[in-house]
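Enquirer: As they're listed, the protein sequences go chains A and B. Be aware that the first sequence starts at 1, since it is given in our numbering, and climbs by one per residue. Be aware that the second sequence starts at 1, since it is given in our numbering, and climbs by one per residue.
Hints are computed from structural coordinates only; laboratory data are not their basis. Please read all numbers here as calculations on a predicted model, not as lab measurements.
Some chain A residues judged to face chain B by a derived CB distance under 7 Å, without partners named:
#: 1; residue: I93
#: 2; residue: K97
#: 3; residue: Q105
#: 4; residue: L110
#: 5; residue: V124
#: 6; residue: E129
#: 7; residue: E134
#: 8; residue: H153
#: 9; residue: V162
#: 10; residue: Q178
#: 11; residue: Q181
Glycine residues also receive a C-beta, built at the ideal position from the N, C-alpha and C atoms.
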Amino acid sequence: MRNPSLHSKRALIAVGIALALYFVLASLPPWVLAATASPSNKVQLNVANAQPRQVEDATVQAIQRDYGKAWQTLAQAMSENRADLLNASFTGIARDKLAQAIAEQKQAGLSRKYVDKGHHLEAVFYSVEGSAMEVRDTAQVEIQLLDGDKVVHSEDATMHYVALMTPTENAWKIRVFQAVQGF
Amino acid sequence: MKRVLVLLMLLIAACIVASSVAHAQTLNVPEKVFAGTGVSIPTSGSGEATLYLYGPNHVAKRKQQLGQPIQLAGDDVRAAGRYFIVLNGGGNESSGSFFVTANKVDNIAFLARPSRVPASKPGVISGSAFLFDAYQNLQLEPTLVAFNLAVEGAPAITRTETSKFGVAWTRLDSGKKAGAAQFVANVGDARTNRVVQQVAAEPCNIRMRAQRGNNGAIEVVTDPIRDCSGNAVPDGTIVTFTAVDSNGKSTVDSRIKRGIAQAELPPSNSALISVAAGVVVGNEIHWGGK
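Isolated chain A, as found in the complex (with noise of 0.2 Å):
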């Protein structure tokens, strides 16, 4: 025999189940979805467009390695507010410039996060004597803005970057880093 009664306290039961997973998944750091959910750093390099030289296999390995690799030193730097860390991926005009930014995060008691969801990368630019290699990024990214531990604001977008990349004694470094608008 049903009895409609303990049906509908069932039926009740699991709605209200469902509810608080919904409001527990929700109110969930968006990163701790992000870090459980995708593969993280997966970087995509094409080479087809490069010129005026030819990238060679192991370069491409070599940046799609060191690219990746910049991005979890990035992530970590902004959110830790460590300047330090970024001399490991990046150099020159780039790093100095992020350090300015993590610099004044720091003071302001401020910080952000970079859940990295992806990239792909085209090579633009491939020097001759191979010193110097330009790519275009489109890379998916969320971004949260944060003031101690409150959210002030949080983001989940495609992003467009350009990097010039230098190579060194072991791992190539990011020397330009600019995020435009598109390509």
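Got chain A; can you put chain B on it based on the hints?
Expert: Coordinates of chain B only, in the frame set by chain A:
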């Protein structure tokens, strides 16, 4: 029970709508800002709010009077890139983002390779020019870049290229004349120069003459050694003299000094003497005999 469910659903919908409305306010930010140029962004409402600015190299948190425009000085937006601006006050958040782009080209980072080249070689010199504004932002707009390679006393080689994503590159032949060539990249008033040392290429031909020395040895000496463009082959370049006679082969390596090379070969009554530098072979002399 159904009514309870319907009410619950309506409540959730209302919450979601209210939540989205609360976060829907956007600031009326400019579409495009040039680096180092001040910005004014209008605000609405009254009272005080907290202003957050997150830029590529500048971050700020300060009080902002609502109803008064947000004033960002040129120094606040020196770096090209994306700027987030957030106003938080009175239970509302309004936000926006804008892009700062590079200002006019002020500085050129110029990579020129190699620093030393033989004269009259096709496509041997390369130059890459990276265009920056006064705030060290890469100028990504297509820009005409003039490349000029000139050595004193010879006509200059000029090439104009359009930059792509902030970089223009060219490949040039080396000039015919040896010397320190000025390799210049310029955009408007911005110019950067590098020096490419053009040196003589391989000798064009080598002519030598021979005479008997004091002790019976054979003294050989070349005419001034030049490349095919008439440039003197640099001192220090090795020239090899070889004599073959009935006793065998004698070889002497000599360095060019003051434009010529000379050597002393062992005495011989009959020998075939030859001269060479690198891959270039000079004349032969039949010494003595018949």
